[in-house]
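Chemist: The chain contents come next:
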Amino acid sequence: MKLVVAVVRPDKLGDVLEALFRAEVRGLTIGRIQGHGGETEHVETYRGTTVRMELSEKVRIEIGVSDHFVEPTVRAILSSARTGEVGDGKIFVLPVEKVYRIRTGEEDQSAVTPLFPAPEET
Amino acid sequence: MSSPINGADTAWMLISTALVLLMTPALGFFYGGLVRGKNALNTMMMSVSALGFVGLAWALVGYSLAFAPGSGFAGGLSQIALAGVGVEAQGSIPHVLFMAYQGTFAIITAALISGAIAERMRFSAYLIFITLWSVVVYAPVAHWVWGGGFLSSMGALDFAGGTVVHVNAAVAALVAAIMMGARKDYARQAILPHNVPFTLLGAGLLWFGWFGFNAGSALGANTGAALAFANTLLAPTATLVVWTLLDLRRTKKVTAVGAATAIVVGLVAVTPAAGLVSPASAIVLGAIAALPSYFGLLWRARTRLDDSLDVVAAHGLGGTVGALLTGLLAEKSWGSPTDGLLFGNPRQLGIQAMAILVVAAYSAGASWALLRLVNAIAPLRVSKRDEGLGLDVSQHGEEAYVRGEGALLILRDALPTAAPAPLAAAATVGAAGSRS
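Protein chains in written order, with the working numbering: chain A, 37 to 158; chain B, 2 to 437.
Pulled out of the complex, with its shape left as it was, chain A reads as follows (with noise of 0.2 Å):
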């Protein structure tokens, strides 16, 4: 099993729903963070004070997957969350060391596998 991090662009979270429901990835986590990769910053006034603002509006999605899927999660965001342009974000694929599924106590394989359509055998 592997954890798939990635940090994306808000905008760009729709299409990377979408693809990876097209993918038939069910099953992940967001969260609104900030971060900042290397990008250029936007400077904001608000009356006499200007700031750079260094950090920019990213989402965070984390998904846990079976090994075979981890090839196409990632294709599947590659695809949909790129412009082009520095601020894109990144990709982390983690080992992970136990799954548990809290509602059965399932383990590992079984409790990142998606319970619609049938379970695929591990």
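Keep in mind that a hint or two might mislead.
Chain B is nowhere near these chain A residues, computed Cβ spacing over 12 Å in every case [as the list claims (entries may be wrong)]: (1) Met37; (2) Val41; (3) Gly63; (4) Val110; (5) Ser115; (6) Lys126; (7) Ile127; (8) Leu130; (9) Thr140; (10) Gly141; (11) Glu143; (12) Ala147.
Computed cross-link-like contacts, EDC-like style, restricted to lysine to aspartate or glutamate with a CA-CA straight-line distance of at most 20 Å [unchecked claim]: (13) Lys48(A) <-> Glu77(A); (14) Lys48(A) <-> Glu388(B); (15) Lys385(B) <-> Glu77(A); (16) Lys385(B) <-> Glu75(A).
Just so you know, the hints here were simulated from the structure itself, not pulled from any lab data. This structure is a prediction, so every number in the text was calculated from the model and none was measured. We put the beta carbon where it would ideally sit given N, CA and C, even for glycine.
Chain A is fixed; fit chain B onto it per the hints.
Modeler: Chain B only, in chain A's frame:
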């Protein structure tokens, strides 16, 4: 000879002017709540900036084109830059007050258009467009109906601006939405209102201000004002109730955005009729007006027409229904200059329809030409990148909901080095702290 200026009329019109002015920031809240958070300031600024740009254009040129003596098609140029507009009587109120009151109408009419092009128009292009539009489109149309122009000679009834304000703005909005094209995310992603309470706040303030809009259009503290006031209360009540029932029938839930919309639709519809129909007729009018707008909204959302905040459905359909029903329900016994169809004057309905068509045709053609012109000076749309980033940051360099983490204070190089260091440090901390 005593002055024809009447104190009571003047007092009421002073208040009405302030009430109508409030409608423009109210519209900013109404629209601002309906867009995504990254475009909230941009959308609200489209109303706020109209206060300045359209208001000034009105004083310099618009007022003269609308109300100075001229032909049937436009006022003259004799009152450019308010020449000769003093405290002498215009009707029973000081001329400057009449000018100011009418100016608040020009401002909100131009601002109404912004709902159709929200979340994608370059702000500079928008400012040029609405400023020119208020002079080239709004002022002549106001002259046709209220300044002694040909529509008033034909006998068209438009008490407070169903055609001049709402149909006029909605047609311009329709043309602008078509010419600008849809937002890049339109019909691809769910684009949801980011702050429905703002929209409700805006609707409430609009209703409040609309008492000045409609009852003030009597231009005095008189029975016509009282009737318009009561009808401005009654018509939206009926629209709101009918809308609620339609919502219940369709989704089994009463939506807040629907309620806010219903209030505006009812207000729009009663605008042309306010001082010309009985209170019972106003209720009927408000109830009927809910239907075309309600189903118009549903239909529009399934099309490629990205009239983002439904200016056409709310103001175009509402204004048209109101203007036509005025031709049906107007009554001499309630102060209308002529009766409507139901009271023995079938011609009135045709005159109303004619006025709507003439205004719609002119507004469509002139708005199209102006947008082409503006596009030649400044592109109408922001880049895709800026649209994705949000127009608050890309057009205004501000955010509505700024968090402030990662904001580095840029201290001006020009600051004297002798500036006490603790002060500068404190300012940095204060700036970061106040936004966290």
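Chemist: Now tell me, hint by hint, if it's right for this structure.
Modeler: Each hint tested on the structure:
Every CB of chain B lies more than 12 Å from the CB of methionine 37(A), the least distance being 31 Å, so the non-interface label holds. Distance to chain B confirms valine 41(A) as a non-interface residue, since its nearest Cβ pair spans about 20 Å, more than 12 Å. Annotated as non-interface, glycine 63(A) keeps its C-beta farther than 12 Å from every C-beta of chain B; the closest such distance is 20 Å. For valine 110(A), the shortest C-beta to C-beta distance to chain B comes to about 22 Å, beyond the 12 Å cut-off, and the non-interface label holds.
Even its closest Cβ contact with chain B, about 16 Å, leaves serine 115(A) beyond 12 Å, as expected for a residue assigned away from the interface. No beta-carbon of chain B comes within 12 Å of the beta-carbon of lysine 126(A); the shortest separation is about 18 Å. With a least CB separation of 19 Å from chain B, isoleucine 127(A) remains clear of the 12 Å interface cut-off, as annotated. In this structure leucine 130(A) is separated from chain B by more than 12 Å, as the shortest Cβ-Cβ distance comes to about 25 Å.
With 12 Å as the threshold on Cβ separation, the claim that threonine 140(A) sits away from chain B holds: the shortest Cβ distance comes to roughly 32 Å. Listed as outside the interface, glycine 141(A) is consistent with that label: its C-beta sits roughly 35 Å from the nearest C-beta of chain B, beyond the 12 Å cut-off. Distance check on glutamate 143(A): its Cβ is at least 36 Å (rounded) from any Cβ of chain B, clearing the 12 Å threshold; non-interface status holds. Against the 12 Å criterion, alanine 147(A) stays outside the reach of chain B, whose nearest CB is about 30 Å from its own CB.
Of the supplied pair hints, the one linking lysine 48(A) and glutamate 77(A) holds, its CA atoms being roughly 19 Å apart against a limit of 20 Å. Our distance criterion of 20 Å between C-alpha atoms is met by lysine 48(A) and glutamate 388(B), whose separation comes to about 12 Å. At roughly 18 Å between alpha-carbon atoms, lysine 385(B) and glutamate 77(A) fall within 20 Å of each other, so this suggested pair holds. A C-alpha spacing of about 17 Å is found between lysine 385(B) and glutamate 75(A), which places the hinted pair at or below 20 Å, so the restraint holds.
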